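Work out the full structure: start from the sequences and follow the hints.
Heads up: the sequence lines are chains P and G, in that order.
Numbering follows my numbering, in which position 78 of the first sequence is assigned residue number 78; successive positions increment by one, without gaps.
Remember, my numbering sits 153 above the position in the second sequence when you count from 1.
Since the hints were made in silico from the structure, they are not lab data.
Since this is a predicted model, take the numbers as computed values, not measurements.
A virtual CB, placed ideally from N, CA and C, is assigned to each residue, including glycine.
It is possible that part of the hints are untrue.
[Stated by the list, open to error] Listed next, with one range per pair, are the computed distances between beta-carbon atoms:
id, chain 1, residue 1, chain 2, residue 2, range
1, P, 121, G, 221, 56 to 62 Å
2, P, 96, G, 238, 49 to 55 Å
3, P, 125, G, 173, 54 to 60 Å
4, G, 363, P, 121, 47 to 53 Å
5, P, 51, G, 413, 54 to 60 Å
6, P, 55, G, 254, 16 to 22 Å
7, G, 169, P, 81, 50 to 56 Å
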Amino acid sequence: MRMRYIEITVGAFMVMGIVALVLMAFRVSGLSLQDAGDTYTIKARFENLGGLTERAKVSMSGVTIGRVTKVYLDPEWYSAVVEMEISKSMSTLTKDTSAAILTAGLLGEKYIGLTVGAEDEYLQTGDWIEDTQSALVLEELIGRFLFNKAEEG
Amino acid sequence: MLGKLLDQLQAVGRSGTAAIEAIGRGTLLLKNSLFWGGPGSAGFYDLLKQIYSVGVRSLIIIVVAGFFVGMVLGLQGYNILIDFGSEAALGTMVSLTLLRELGPVVTALLFAGRAGSALTAEIGLMKATEQLSAMEMMGVDPFKRVITPRLWAGIISMPILALLFSTVGIWGGAFVAVDMLGIDDGAYWGNMQASVEFYEDVVKGIIKSVAFGVVVTWIAVYQGYDSVPTSEGIGKATTQTVVISSLAVLGLDFVLTAVMLGGV
Numbered sequence: 001m002r003m004r005y006i007e008i009t010v011g012a013f014m015v016m017g018i019v020a021l022v023l024m025a026f027r028v029s030g031l032s033l034q035d036a037g038d039t040y041t042i043k044a045r046f047e048n049l050g051g052l053t054e055r056a057k058v059s060m061s062g063v064t065i066g067r068v069t070k071v072y073l074d075p076e077w078y079s080a081v082v083e084m085e086i087s088k089s090m091s092t093l094t095k096d097t098s099a100a101i102l103t104a105g106l107l108g109e110k111y112i113g114l115t116v117g118a119e120d121e122y123l124q125t126g127d128w129i130e131d132t133q134s135a136l137v138l139e140e141l142i143g144r145f146l147f148n149k150a151e152e153g
Numbered sequence: 154m155l156g157k158l159l160d161q162l163q164a165v166g167r168s169g170t171a172a173i174e175a176i177g178r179g180t181l182l183l184k185n186s187l188f189w190g191g192p193g194s195a196g197f198y199d200l201l202k203q204i205y206s207v208g209v210r211s212l213i214i215i216v217v218a219g220f221f222v223g224m225v226l227g228l229q230g231y232n233i234l235i236d237f238g239s240e241a242a243l244g245t246m247v248s249l250t251l252l253r254e255l256g257p258v259v260t261a262l263l264f265a266g267r268a269g270s271a272l273t274a275e276i277g278l279m280k281a282t283e284q285l286s287a288m289e290m291m292g293v294d295p296f297k298r299v300i301t302p303r304l305w306a307g308i309i310s311m312p313i314l315a316l317l318f319s320t321v322g323i324w325g326g327a328f329v330a331v332d333m334l335g336i337d338d339g340a341y342w343g344n345m346q347a348s349v350e351f352y353e354d355v356v357k358g359i360i361k362s363v364a365f366g367v368v369v370t371w372i373a374v375y376q377g378y379d380s381v382p383t384s385e386g387i388g389k390a391t392t393q394t395v396v397i398s399s400l401a402v403l404g405l406d407f408v409l410t411a412v413m414l415g416g417v
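Pasting the structure below:
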């Protein structure tokens with residue numbers, strides 16, 4: 001009888017642990033099962049990343065469709081190269097898709113926003129996005145503003 | 154003058170060699186008791202019994218503590234974040250704090266106090282009443298019989314308890330934030346899901362708690378096995394278990410965080 005009680009409570013304990021793990025996975029971290037594996041990689045060249053890091057989101061119309069996997073400096077072009085993996089369910093990105101580095105909110109994280117173009121051909125694994133727009137760097141903006149003011153005055 | 158200096162030097166040297174010897178004995182104990190098998194080895198039911206006494210009976214303190222820690226995090230975080238008008242990030246703050254740090258660490262500290270001390274006292278008393286020697290006389294390996302199931306029970310229970318702590322804490326935070334302070338339900342959970350990563354945050358928290366489980370139970374069984382077999386010695390060993398394993402958990406936490414988050 002005693003052994004039965006112990007077995008039942010230990011079983012319940014283990015089940016609680018598994019339930020907690022499942023809750024963590026789906027309710028807290030928002031894990032979904034189908035996005036694993038099915039991705040393809042595209043690249044883009046930016047003049048200035050302005051704080052974009054690996055694992056940043058890639059989104060289109062505000063919906064996350066991929067992640068930044070690699071960020072490095074191209075020593076030939078002296079410009080930053082971003083590799084990102086896009087979900088296979090979004091395989092219909094046109095060749096003239098444009099990429100811009102945007103900020104979530106005023107002080108939020110940096111992410112890449114994609115805007116689709118009008119061509120018939122689609123981006124394949126390893127393709128480059130040609131039309132890119134660098135991050136907005138506040139200091140440069142203020143500097144330019146002051147410079148213009150000084151020229152006017 | 155010189156003699157006194159040499160005496161002090163000798164005292165330093167003695168404590169140094171004693172510490173190294175203790176580490177050596179502890180490692181030998183771990184090596185002897187980590188794996189199952191051998192004469193008179195403990196069975197599956199012994200493990201179950203130990204999980205019951207180490208894990209299940211720690212459940213109430215862990216769940217209650219987790220709920221209150223989560224509620225306090227919700228309240229404190231709200232008061233800080235409201236100044237920046239970003240109280241929508243409260244869910245993110247509560248869940249990341251719990252998953253990455255407080256869940257594993259506070260659980261390990263409570264676990265050391267609740268289960269670790271009990272393990273030490275139990276094994277110490279077994280040694281004092283010569284039950285361990287009696288086992289050896291009968292040809293039963295006391296490591297495999299007594300230590301192995303307790304060690305594994307701790308290693309198995311700790312991550313489950315830490316997960317439950319974090320889960321209850323996040324719901325406690327939600328209770329304060331959504332039901333009492335009136336933060337939008339969707340903002341709390343939505344921002345949390347957007348920024349919590351399963352591998353980066355949940356799995357790494359579990360890795361931490363497994364490491365803490367190993368360290369705390371190891372120190373507890375070692376202190377019990379190595380205690381001076383008197384009532385005073387057992388009392389001292391029990392205190393040592395709580396002190397050493399708490400410090401070890403906090404120190405190891407920094408090392409693990411530095412390794413997993415990078416940047417050091």
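Checked hints:
no.	hint	in the structure
1	P:121 / G:221: 56 to 62 Å	holds, 59 Å
2	P:96 / G:238: 49 to 55 Å	violated, 39 Å
3	P:125 / G:173: 54 to 60 Å	holds, 56 Å
4	G:363 / P:121: 47 to 53 Å	holds, 50 Å
5	P:51 / G:413: 54 to 60 Å	violated, 22 Å
6	P:55 / G:254: 16 to 22 Å	holds, 20 Å
7	G:169 / P:81: 50 to 56 Å	holds, 53 Å
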